[in-house]
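Kindly produce the complete structure, drawing on both the sequences and the hints.
If you read the protein sequences in the order shown, they are chains A and B.
The numbers in the first sequence follow the numbering used here, run straight up by one, and end at 273.
The numbers in the second sequence follow the numbering used here, run straight up by one, and end at 1721.
Treat the hints with care, as some may be off.
In silico DSS-like links for lysine-lysine, alpha-carbon gap of 30 Å or less [to be verified]:
id: 1; chain 1: B; residue 1: K1489; chain 2: B; residue 2: K1565
id: 2; chain 1: A; residue 1: K194; chain 2: B; residue 2: K1469
id: 3; chain 1: B; residue 1: K1502; chain 2: A; residue 2: K194
id: 4; chain 1: B; residue 1: K1499; chain 2: A; residue 2: K194
FYI, nobody ran anything at the bench for these hints, they're computed from the structure.
Single-letter residue listing:
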Amino acid sequence: MVKVSTPVRWLLRLVALGYVFLLVAWPVALIVQHTFANGFATLSETLSDPHVQHALLLTAQVAFWAVLINTVFGVTISLLLVRYRFPGKKVLSALIDVPLSVSPVVVGLSLLLVYNGRTGWFGPTLEAHGLQVIFNSPAMIMATCFVALPLVIREVVPVLTEIGDDQEQAARSLGANARQTLWRITLPSIKWAVIYGVVLSLARSVGEFGAVKIVSGNFTGQTQTATLMVEAQYQNFEHDQAYATSFILAAVSVICIVVVSLLRPKEQHS
Amino acid sequence: MSIEISGVNKLFGDFVALDNVNVTIPTGQLTALLGPSGGGKSTLLRIIAGLDSADSGTITIEGRDATRLPAQKRNVGFVFQHYAVFKHMTVAKNVAFGLEIRKRSKAEVAERVDELLKLVHLSQFAHRLPSQLSGGQRQRMALARALAVEPTVLLLDEPFGALDAKVRKELRDWLRRLHDEVHVTTVFVTHDQEEALEVADEIVVINEGRVEQIGSPEDLYDTPANDFVMSFLGEVTRLNGQLVRPHDVDISTRPILAGAMQGTVSRFLRVGFEVRLTVLTENGEEVTVVLTRNHAQALGIEEGATVWVTAVPGAISVPAMAATP
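Structure below.
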């Protein structure tokens, strides 16, 4: 490592800390401060509102399904990308990053074009079979899946690449079939990458706003998720409730990340 | 016969990895596949194991056609150069893996694991993770893991290649002793001719995807089939259009040797108890001669001296091809 003189080191620390403080720590701290300005009164009052309860529950449901789907597909696609060669592999790899670069609003609109019940490509057919996608939870789950798609894959792919396929080949030569190799060797080796991907996906899914707003219709008490609820509360000048709901959303994400960093074994990179 | 390889070809793109390879590996012996890097020996081993497939040709293991059999059904033990330990399992769990896959009873697995860890001297490390072991210990664990399933054949791919020289030598001796105890048909790949000569009962020399020669270490050393085998198994020098070993060159300061070439000593190098000379002969060859220090002193050879050189009677020699030095 290059030696850096003491004043420069302090300056670098100050810049980094100052940047993170002004951009992240302070604003989030203000949310906490506003939430607890009257002790727990605001929080309990907000939580007793049935619309807020419904919104939080809906967010939890949408996030749960989106994370589950993204985890299964994420691990499968990662295995496909790392372990197999096939035509179109580069295209697939590039497509996975699209959700990072495309605005969620565009995602919402494109889902609307394909699945809406009147003019969409699949929408009328699906509705004829009794499945309403748009303005309903399927579309909200799809939109959330879309925006969180790369998170599991981008965690798992580098780990899979790094461990190589030696261990899998050894397992095969010892008599394990494909399924046994996957469950006993591959999945345990990428366990922490998957968990990290799940946590990031969960945090992202809980916080999704733009795409969900378009495909959900934002009907209070029906398809309004917690983030949409925050916006509604804020626009109705119920600022305290908006802060309290925001606090709950932020707390969920922070707790996830803290729990995982505490659980994660220290000697992971030996 | 334990393993029959016949007519095996393998291409990687347009690179010929194996070119019509026919080898028979005898039961219960320790066979080395010896050759330079990229010569196809590892590919052949992986094809025997079922980790790669041949483009054409057949593999028969103990009389059973294994050509189309997947790796997990061949009952071979495979040891990898970089150990391929299961990082998330303890040493005991690693060794137990193959037995658990075969659904053996808990008591049987425990007993067998215990026995194997004793065999590879790792009993006290049973509950450690592989990351807490040294390279040599990891490779011994990998060997125990491969032996646990009582394989028909044990295949080792450059098993000591990633270890430092001292550990490599220890493990080499240990592998030989282990083989004398367990007698499983063993094939190991190496590019180190000393390792092959020291450990193997039989050596298969492979170069550029072809088998150059098959034989015991003595056969190969004493009667090499061609210049490649001769030069790969030990140092050679060119004298009178023949390849000979430098220690098989007789040297004299007077023209008393029959058929000797006249030349001058262009370089005199002492390495411990030996002396290495470079002699420029009249027909333009650079001959390397190795002799003992005492011998060199007795002859009174020094740089610039005029000498006569010839191969000693009964020396092994093969005609030199243009490409070899």
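Here is what the structure says about each hint:
1. As the CA atoms of K1489 (chain B) and K1565 (chain B) are separated by approximately 28 Å, the hinted pair is consistent with the 30 Å bound.
2. About 28 Å separates the Cα atoms of K194 (chain A) and K1469 (chain B), which keeps this hinted pair within 30 Å; it holds.
3. For the proposed pair K1502 (chain B) and K194 (chain A), the alpha carbon gap of about 26 Å is at most 30 Å, so the pair holds.
4. With a CA separation close to 25 Å, the supplied pair K1499 (chain B) and K194 (chain A) stays within the 30 Å bound.
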